[in-house]
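A.B. asks: Heads up: the sequence shown at position 261 corresponds to 261 in this note's numbering, and the numbers run straight through without jumps.
Take the hints with a grain of salt, since some may be wrong.
Each computed DSSO-like pair below joins lysine-lysine, with the alpha-carbon atoms no more than 27 Å apart [unchecked claim]:
#1 Lys560 <-> Lys341
#2 Lys42 <-> Lys108
#3 Lys227 <-> Lys71
#4 Lys66 <-> Lys140
Label-pair ranges, simulated between beta-carbon atoms [claimed, not checked]:
#5 Ser442 <-> Pro36: 35 to 43 Å
#6 Asp578 <-> Thr240: 16 to 24 Å
#7 Pro100 <-> Arg137: 12 to 20 Å
#8 Glu124 <-> Ser350: 40 to 48 Å
#9 Thr455 <-> Pro351: 35 to 43 Å
#10 Pro571 <-> Gln133: 20 to 28 Å
#11 Asp266 <-> Glu296: 33 to 41 Å
#12 Glu129 <-> Ala233: 33 to 41 Å
#13 Gly383 <-> Ser303: 21 to 29 Å
#14 Leu513 <-> Glu296: 25 to 33 Å
#15 Glu585 <-> Glu111: 38 to 46 Å
#16 Asp53 <-> Glu124: 39 to 47 Å
#17 Glu549 <-> Ala213: 56 to 64 Å
#18 Val109 <-> Gln216: 53 to 61 Å
Just so you know, these hints were derived from the structure itself, not from any lab. C-beta: ideal position from N, C-alpha, C; glycine also.
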Amino acid sequence: MKLLTRLGLIVLLCFSACKNDKKADETLTALVDWQPTQNYYKMHLTEAMQYLDSLAVTPAESAKAKIYFSKARMAFKKAEPYASYINPVVGHRANGPGLPFLTDDSQKVLEPVGLQKIEESIYEGIENETAYQKELRLTKGLLEILKGNIAERELNAERFFIATHQQLMRMVSLAIAGFDTPVSGLGLGETQESLQSLKDVYALSIQERVKAADAQLDLQFQDQVEKAIAFIATYKDFATFDRYTFIREYFNPITRSWVAIRKASDVWEPVTNKPYNFDAPTFFEEDSFNVEYFREITNRNPSEAQIALGKRLFFDKNLSKGKDMACVTCHDPKLAYTDGKVTNMNNTGSPLKRNSPTLINSVFQRAFFWDGRAETLLAQISGVFTNKEEFNSTVHEFSEEVLTDSTYYEAFKEVFGTRRSWTNDETIKALSAYISTLNGFSSKFDKNMRGEENTFTTEEKLGLNLFMGKALCATCHFMPLTSGTVPPFFTDTEKEVIGVPETAANKELDDDLGFYFMYEEPIQLGMFKTPTVRNAALTAPYMHNGVYESLEEVIDFYNKGGGGGLGFDLPHQTLPFDNLELTAEEQQALVAFLKTLTDVPEEVVY
Numbered sequence: 001m002k003l004l005t006r007l008g009l010i011v012l013l014c015f016s017a018c019k020n021d022k023k024a025d026e027t028l029t030a031l032v033d034w035q036p037t038q039n040y041y042k043m044h045l046t047e048a049m050q051y052l053d054s055l056a057v058t059p060a061e062s063a064k065a066k067i068y069f070s071k072a073r074m075a076f077k078k079a080e081p082y083a084s085y086i087n088p089v090v091g092h093r094a095n096g097p098g099l100p101f102l103t104d105d106s107q108k109v110l111e112p113v114g115l116q117k118i119e120e121s122i123y124e125g126i127e128n129e130t131a132y133q134k135e136l137r138l139t140k141g142l143l144e145i146l147k148g149n150i151a152e153r154e155l156n157a158e159r160f161f162i163a164t165h166q167q168l169m170r171m172v173s174l175a176i177a178g179f180d181t182p183v184s185g186l187g188l189g190e191t192q193e194s195l196q197s198l199k200d201v202y203a204l205s206i207q208e209r210v211k212a213a214d215a216q217l218d219l220q221f222q223d224q225v226e227k228a229i230a231f232i233a234t235y236k237d238f239a240t241f242d243r244y245t246f247i248r249e250y251f252n253p254i255t256r257s258w259v260a261i262r263k264a265s266d267v268w269e270p271v272t273n274k275p276y277n278f279d280a281p282t283f284f285e286e287d288s289f290n291v292e293y294f295r296e297i298t299n300r301n302p303s304e305a306q307i308a309l310g311k312r313l314f315f316d317k318n319l320s321k322g323k324d325m326a327c328v329t330c331h332d333p334k335l336a337y338t339d340g341k342v343t344n345m346n347n348t349g350s351p352l353k354r355n356s357p358t359l360i361n362s363v364f365q366r367a368f369f370w371d372g373r374a375e376t377l378l379a380q381i382s383g384v385f386t387n388k389e390e391f392n393s394t395v396h397e398f399s400e401e402v403l404t405d406s407t408y409y410e411a412f413k414e415v416f417g418t419r420r421s422w423t424n425d426e427t428i429k430a431l432s433a434y435i436s437t438l439n440g441f442s443s444k445f446d447k448n449m450r451g452e453e454n455t456f457t458t459e460e461k462l463g464l465n466l467f468m469g470k471a472l473c474a475t476c477h478f479m480p481l482t483s484g485t486v487p488p489f490f491t492d493t494e495k496e497v498i499g500v501p502e503t504a505a506n507k508e509l510d511d512d513l514g515f516y517f518m519y520e521e522p523i524q525l526g527m528f529k530t531p532t533v534r535n536a537a538l539t540a541p542y543m544h545n546g547v548y549e550s551l552e553e554v555i556d557f558y559n560k561g562g563g564g565g566l567g568f569d570l571p572h573q574t575l576p577f578d579n580l581e582l583t584a585e586e587q588q589a590l591v592a593f594l595k596t597l598t599d600v601p602e603e604v605v606y
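Using the sequences and the hints given, assemble the complete structure.
C.D. replies: Dropping the structure here:
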């Protein structure tokens, strides 16, 4: 479910950052006149609003309405980088999913508005004219807010480069996957517009500085953008677009050049408080993401000693009072940090309710446990410790072997300066530090994407293209993390209602209510976190209840339209109910692609 669970906080952080980034190197910023670029963003936002006005006086079912809508979206995409950078909350509402959502502050369910909701009305038919006109009016209001934000916030080098980086991420993770335009399929054309816009703002801002520093780089970048636009133009069908070739041969060269351009322009030194490593040449590198940004603010930059202590605790069954359970009990490195079971057993020998998810890349999540009830890794570990069915303990109830082990005392003293005994918080921080290192971005997929290998088979290429296209997988499992953590801000992890059955016979809906327990809102009934599909070949059985033993069964479930497609009563399902109409060959290609995502960090088991 595309919920705005943290966006209120994001606004505060964003405006705080906007104030702070004025303190950035103003000498460098002054080297470029940013006003023409700022005017460019504002002009195209105005243009988008004008097309919404045209839609208001045009029958929604007419061909002209689709033309005006397309033009409104194209204009918005040219303003989106800066508009959504300045105000992520409003930017997301203006161009977010056409689904109801629960607000942070009032816990009220708001009806969807924005361009995607208008898209549904125009392409699938309006329910009533009054509601449609309200959609147009509210969406225009959102764009007016964004336009005011652009006018109020002076563009500078830091804002320009961060906003551009975010837009590049939108192209590769959202636009070419169809997330922005799920009904109209306009994503490819919008990617062309975004690329052209990148070239436009480059010319309006830093091009002359780059040309002076490296004329060949300037020509190379422009040529790469033109070739990428031309490549997209050769495809008229969204479903058949060759995303593998586009990313590897056309998009990644642009990002490599953009990193070089930023350095050649010499107007901004990258910040370290964002999700990205701005020096990573593509989004598919081992270090493309800034791990420190994703660690809890109270546990950033852990020492090697803290990580080592966390690792030792992770494998030590003496951590539990009964000396029979450690983190590794449910998260085995040999099984990509899962346990290979439908569900593990609780501390009384009865089965737990839910399957054990992988810990690999878990630091990049913004929701933990299957129902997403914990917002941080620290909270998740604490929840396991105090869960009566799991560790069922506090630090004072660990086994005597742990509490009297002098080597633990010395280790905690070294890391935290503990004098007598260590605290629950310190134990959790050490474990969190270790778990946050369990990351893998050197799978066959990654190596092929960044050009280190050329080993993808024809079937694997088809599978990737289906994953990001016809099969709609990447509209929830966003590239490149392949999880529900939403780009480009990475501040939320989505939860979805997909209708998982109770058994593989697909006859009854599972009775687990998921996130519904939190607020008991109907839209959250049966809602669960969207996990990563990296290492999926090693993490069977699948779904929150371990109902499916094979990837083939999982893909068959989605192909049939999820629980709604199986006939379950799910008025708030977030998947399309329709059969995806994947052939047997296409389904097998998806399995082949998922197997290329395997990359388990090497580990020594204590």
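A.B. asks: Is the distance from the Cβ of Glu124 to the Cβ of Ser350 consistent with 40 to 48 Å?
C.D. replies: holds (47 Å)
A.B. asks: So if I understand the rule, the pair passes when the alpha-carbon distance is 27 Å or less; does Lys66 with Lys140 pass?
C.D. replies: holds (17 Å)
A.B. asks: Starting from the hint 56 to 64 Å, judge whether the C-beta atoms of Glu549 and Ala213 obey it.
C.D. replies: At 57 Å between Cβs, range holds.
A.B. asks: Take the C-beta atom of Glu129 and the C-beta atom of Ala233, compute their distance, and say whether it sits inside 33 to 41 Å.
C.D. replies: Once the Cβ atoms are compared, 37 Å apart, the range 33 to 41 Å for Ala233 and Glu129 holds.
A.B. asks: Go ahead and decide if the range 53 to 61 Å is satisfied by the Cβ distance of Val109 to Gln216.
C.D. replies: About 55 Å separates the Cβ atoms of Val109 and Gln216, which means 53 to 61 Å holds.
A.B. asks: Within a Cα-Cα threshold of 27 Å, do Lys227 and Lys71 meet the stated pairing?
C.D. replies: holds (23 Å)
A.B. asks: Could you check the hint for me, namely that Asp53 and Glu124 are 39 to 47 Å apart, CB to CB?
C.D. replies: The hinted range 39 to 47 Å is violated for Asp53 and Glu124, with Cβ atoms some 22 Å apart.
A.B. asks: In this structure, is the beta-carbon distance linking Gly383 and Ser303 contained in 21 to 29 Å?
C.D. replies: holds (25 Å)
A.B. asks: Are the Cα atoms of Lys560 and Lys341 separated by 27 Å or less?
C.D. replies: holds (25 Å)
A.B. asks: Taking 35 to 43 Å as the hint, is the beta-carbon distance of Ser442 and Pro36 inside that range?
C.D. replies: holds (42 Å)
A.B. asks: Within 27 Å, alpha carbon to alpha carbon, are Lys42 and Lys108?
C.D. replies: Violated, because 32 Å separates the two Cα atoms, which is more than 27 Å.
A.B. asks: Could you tell me whether the CB distance from Pro571 to Gln133 stays inside 20 to 28 Å?
C.D. replies: Check passed, 25 Å falls within 20 to 28 Å.
Of the numbered hints stated above, those contradicted by the structure are hints 2 and 16, listed in ascending order.
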